[in-house]
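Visitor: Protein chains in written order, with my numbering: chain A, 1 to 164; chain B, 1 to 135; chain C, 1 to 341.
Among the hints, erroneous ones may be present.
[To be verified] Here are some of the chain A residues that sit facing chain B, going by a computed Cβ distance under 10 Å: (1) V9; (2) A10; (3) T18; (4) G50; (5) P75; (6) V89; (7) P100; (8) A120; (9) I122; (10) F126; (11) G127; (12) T142; (13) G151; (14) A152; (15) V155.
[Claimed, not checked] Covered, in the sense of this in silico footprint (three residues per stretch, anywhere, with C-beta under 8 Å from a C-beta of chain B), are these stretches of chain C: (16) 69-83; (17) 198-212.
Rather than coming from a laboratory, the hints here were simulated on the basis of the structure. This one's a predicted model, so the numbers in the text were calculated from it and none came from an experiment. Even for Gly, the Cβ is constructed at its ideal location relative to N, Cα and C.
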Amino acid sequence: MTTRTIARVALLVAVATTLAIAESLIPKPLPWLRLGLANAVALLALVRLGARAALAVTAVRVLLAGLLLGTLGGPTFALAVAGGAAALVAMVLAARAVPPLSWLGVSVIGSAAHVLGQLAAIGALFGAGRSVLTLAPWLLATAVPLGVVTGAIVVAVDRRLEAW
Amino acid sequence: MTSDLFSVRGLWRALTPADRIVSLALLLGSIALGVAARPSGEPTAAVVTVGGEVVATLPLDRDSRVEVQGRLSPVTIEVSGHAVRVTESACPHRICVRMGPRRHSGEIIACVPNALVVRLTGGAPDAGVPDAVTG
Amino acid sequence: MRVRVPARPAAALALLVAIALPACDRAPTVESRTDFVMGTLAELKVVSDDPVTAREALDRAFARLREIEALTTSYAETSEPARLARANGAWVEGVSPEVDEILTLGLRIAAESDGAFDPTAGALVAAWGWPEDPALPDSATVAAAVATVGWRDVERAERAPGRIAWRLGRPGMKLDLGGVAKGWAVDRAADVLLGVSDHCIVNAGGDLVVRGHRPDGKAWLIGVQDPRDASRIFLKLRLPDGTAVATSGDYQRFFEVDGVRYHHLLDPRTGWPARDVHSATVIAPDCATADAWATAAFVLGAEAGIAALERQPGLEGLLVTYDAKGDLVSHETPGFARYRE
Numbered sequence: 001m002t003t004r005t006i007a008r009v010a011l012l013v014a015v016a017t018t019l020a021i022a023e024s025l026i027p028k029p030l031p032w033l034r035l036g037l038a039n040a041v042a043l044l045a046l047v048r049l050g051a052r053a054a055l056a057v058t059a060v061r062v063l064l065a066g067l068l069l070g071t072l073g074g075p076t077f078a079l080a081v082a083g084g085a086a087a088l089v090a091m092v093l094a095a096r097a098v099p100p101l102s103w104l105g106v107s108v109i110g111s112a113a114h115v116l117g118q119l120a121a122i123g124a125l126f127g128a129g130r131s132v133l134t135l136a137p138w139l140l141a142t143a144v145p146l147g148v149v150t151g152a153i154v155v156a157v158d159r160r161l162e163a164w
Numbered sequence: 001m002t003s004d005l006f007s008v009r010g011l012w013r014a015l016t017p018a019d020r021i022v023s024l025a026l027l028l029g030s031i032a033l034g035v036a037a038r039p040s041g042e043p044t045a046a047v048v049t050v051g052g053e054v055v056a057t058l059p060l061d062r063d064s065r066v067e068v069q070g071r072l073s074p075v076t077i078e079v080s081g082h083a084v085r086v087t088e089s090a091c092p093h094r095i096c097v098r099m100g101p102r103r104h105s106g107e108i109i110a111c112v113p114n115a116l117v118v119r120l121t122g123g124a125p126d127a128g129v130p131d132a133v134t135g
Numbered sequence: 001m002r003v004r005v006p007a008r009p010a011a012a013l014a015l016l017v018a019i020a021l022p023a024c025d026r027a028p029t030v031e032s033r034t035d036f037v038m039g040t041l042a043e044l045k046v047v048s049d050d051p052v053t054a055r056e057a058l059d060r061a062f063a064r065l066r067e068i069e070a071l072t073t074s075y076a077e078t079s080e081p082a083r084l085a086r087a088n089g090a091w092v093e094g095v096s097p098e099v100d101e102i103l104t105l106g107l108r109i110a111a112e113s114d115g116a117f118d119p120t121a122g123a124l125v126a127a128w129g130w131p132e133d134p135a136l137p138d139s140a141t142v143a144a145a146v147a148t149v150g151w152r153d154v155e156r157a158e159r160a161p162g163r164i165a166w167r168l169g170r171p172g173m174k175l176d177l178g179g180v181a182k183g184w185a186v187d188r189a190a191d192v193l194l195g196v197s198d199h200c201i202v203n204a205g206g207d208l209v210v211r212g213h214r215p216d217g218k219a220w221l222i223g224v225q226d227p228r229d230a231s232r233i234f235l236k237l238r239l240p241d242g243t244a245v246a247t248s249g250d251y252q253r254f255f256e257v258d259g260v261r262y263h264h265l266l267d268p269r270t271g272w273p274a275r276d277v278h279s280a281t282v283i284a285p286d287c288a289t290a291d292a293w294a295t296a297a298f299v300l301g302a303e304a305g306i307a308a309l310e311r312q313p314g315l316e317g318l319l320v321t322y323d324a325k326g327d328l329v330s331h332e333t334p335g336f337a338r339y340r341e
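Pulled out of the complex, with its shape left as it was, chain A reads as follows (with noise of 0.2 Å):
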């Protein structure tokens, strides 16, 4: 990686930890309600920089996020990188169908790889097994408008970040 991107990939990981904490800081109105949009800066990395700008921004943004707020190592922390590696792969490989899919397209399949790997976290590192489907039907739906959304907001950022 050269400097440039380095530091572009600081800049991003500095935003993502940022959104991260405000997001589980807030009060959620609606008890499975994520915005994920300390994904969204992931898919920004993805879309302008790369995949491995991607996995850089969310290995650290998870690292430093765990660290901040002091769930490093608990079971908060293995949900946020279960939801995080989920939904960076399935990000990356989604960008290969990019045409015909949209950025919007692949924030959607990220949003709902995120959902999945928190729920499979679950079923796996709490016991709760097969069970953890009968949450599925509300976050995966509401995912979905989300995913949209979040991803026209990077695509929108990166309409005006016509110089980096």
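Chain A is already provided as a structure; the job is to place chains B and C on it using the hints.
Guide: Chains B and C alone, transformed into the frame defined by chain A:
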């Protein structure tokens, strides 16, 4: 321009046909999951696990209240009227408390910071869950 | 048809109901709490119609369990068994009433069981490394440890009412109160809960006592774990008010060397794990007695164990062995069946 994008119509038009197919598929999938994961049968007990280990089993045929140790804080779980709910937890967002009562087989309540899951299971029809176990 | 509702009387009635409603007694429910103490998972249940009182009582009951643990554990420098061991045969003054009672009871059961249960087997337990680092000792080590065990060689003196002194009479002798202290602590925790309710269960890792009955009026229902499969219950018991039950099993703590399983229930007379019985369940009027006799009966074996239990008034027992096919074979005292569900 960007302002055109951020409206319901704008977002819809920004989606390519492939995007729409994926989104629709996921939405239909979530409905299908909602139907398929429909619980069958009456639950007889609520099993409480912390980090995968069972810490309490609450029969649903009698009212009771349990306090267990989660990873982060004590958590109080109550059975009342054949339904189970989390009544107290010191976790940051209290999502587990706000999930409210659950009464169908297979349903779960999860408190992530406490690594705690309450799962409703059906046992044998004449289960007669014991009040305590020696062994 | 339009009905006129007189506003003021209706409002007054509504207000009265609103005020009266919270004062209604809540139905009694079972308040329970589970926590780690004394090296095991303890579950305490108390029936109460007031959650605040119930929780406060549970707090005190758990605190009492931890207090007794600190006094009786072999594994802390400040515990009384440790003090007695360090004294090397000298008199230790000012022994706590708790340890005094537990040791007295333990020695009595040692006499009644001919040494199958022996609270002076501390050096033997340590030779096997229980509970932290269990490992197979060689025969010489075991023999040397057995030489320090002897319930007859412990002395008690009452200096003044309430001032008790004890001494351990054999060189290298150490106490291990584990086989009776847990049950005794369970009884004391139940005493705490009885201060707020007539109905409770105190269960520390399978050693339990019940008081009163369930809110629906039926006696408390107790499951007995299958020794071959911890997730299965192979027997259910109905225990009346003031009954305790404890189980000693070879599946509770063990390690394997070269395909041979070595468990933690040592025969104090030989120094090796007792072989014959796989689980011993004893019902008694208090948990300390149930705890100690479960261990004693296990060590005595199926035939001698049942015979010994039959000789004791107020005790019933179930000892489980396996036949050649691996099926459970139950050996029961005659009166045990009346507890079966």
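Visitor: For which of the previously enumerated hints does the structure constitute a violation, in increasing order of number?
Guide: Structure breaks hints 1, 2, 3, 4, 6, 8, 16.
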